[in-house]
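Engineer: Residue strings, one per chain:
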Amino acid sequence: MRKSRALLQRDLSLMWQKRSDAIQPMLFALMVCVMFPLALGSEPVRLAQSAGAVIWVAHLLASLLVLDNLYRSDLEDGSLEQLLLAPVPLPMVIASKVAVHWLTTALPVLLITPLLAQLLFLPEGLLPVLMLSLTLGSLLMSLIGAMVAALTLGIRRSGMILALMALPMYVPVLVFGAGSVYSASQGLPWLGAIWLMCAGLALLLVLAPWAAATALRIALN
Amino acid sequence: MSHAENSLIQAAALCFSRNEERIFGPLDFHVHAGEALLVRGDNGAGKTTLLRVLAGLLVPESGEVLLNGDAFSHEAFVVLAAYLGHKHGHKAELTVLQNLRFSAQLRGLAEDAGLEQLIAECGLAGYEDTAAGKLSAGQNKRLSLARLKAQGSRLWLMDEPYANLDLAGIAWVNALIQAHVADGGGALISSHGAYAAPEVPVRTLEIFRSAAYA
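Top line first, the protein sequences correspond to chains A and B.
Going by the working numbering, the first sequence opens with residue 7, and the numbers climb by one from there.
Going by the working numbering, the second sequence opens with residue 23, and the numbers climb by one from there.
Hints were generated in silico from the structure; no laboratory data involved.
Take the hints with a grain of salt, since some may be wrong.
[To be verified] Derived DEER-like restraints, expressed as beta-carbon distance ranges: (1) Ser56/A x Glu150/B: 51 to 57 Å; (2) Glu150/B x Trp22/A: 29 to 35 Å; (3) Arg25/A x Leu131/B: 25 to 31 Å; (4) Asn75/A x Arg40/B: 26 to 32 Å; (5) Gly85/B x Met175/A: 37 to 43 Å; (6) Leu33/A x Leu131/B: 38 to 44 Å.
Every residue gets a Cβ at the ideal spot worked out from N, C-alpha and C, and that includes glycine.
Here chain A stands alone, though its shape is the one from the complex (with noise of 0.2 Å):
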């Protein structure tokens, strides 16, 4: 308990010194919202009918964006070969690690999600529908992303690579997040994808430190 204390406080307090990085994704997610109007036209009809899809699919690329510094810093200055032979186990030290991750890269985004529904004219009442959705699936991309990014750790330039690996692992979190908040504005009922997302959030928990940490030592190979 101790230790991963320990490791959670190191993470934070590496965040904490690199606090500047945790806007990007924020700011990131809320330039692709200001594109869409540019494209799409203002009419607040038109917007409003896609502005869900939207706040989606900006949500998924920026935590695709950052993905790649999930391990990566910690492999350049050899803090990882340290992790791997220090006396905890790998799973928990890659636990923590995605948790501060989604806790600096994806609550961010979350908490300007009110904003950017406004922006794009996003009924009213959909919102709740549209802010649970999207923390079950960030908390989903983040677990999936960790396992992709171990995989992909093995090669030094793997940002195009790591996009194409993880997005299409992404795609049922999408369909179910972005048709729960859909199914809602056409007053059907949206609780089924949401506690399908409830239950790969749960299987994902249990295995993805597992599989990210045999991924990890794969990669290292």
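Chain A is fixed; fit chain B onto it per the hints.
Structural biologist: Here is chain B on its own, set in the frame of chain A:
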């Protein structure tokens, strides 16, 4: 191998290949408590690879590594040994003290007083609250050696511990290894051979590409 049963680490016919090209081996050697083994070889001879194989970071092609006479296991390695890579292995954004404290906490040790003293011993007094990224390359090496010492492991695997250090630093590393070995520890030190060896019972293992003469 008359004393093989009380060796800290032992390699038996250890080979490693990458992309079907033999990097080193077959190698046979052992490190006892109270002695240091100096692994010498030119750049590219496979010293770093050897240390990574011994640490279990790479899987050997054939042969085996024994720890305390038993088959290699990750759990046994982390208890027995500490590894100093050629990358310093601490975070540039954290201070000297934060880095050492984290490493100590991971091993379940947590007294700050001891760490302050260690920092002073390593010639980093006054830099406790300086971010490691602001230190020089030699001071970073001192910090990673301090971490190695703080771990309290019996066996040290050291990859080029002399790199980036000034003459006083080299003498300090030698004294550090000497004290460790006198204390009943063992050390396996890789070096390309341009530096003086510590004044301890030292044996030398020369490795070349695809061949070894111990």
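Engineer: Could you work out which earlier hints the structure fails to respect and list their numbers in ascending sequence?
Structural biologist: 2
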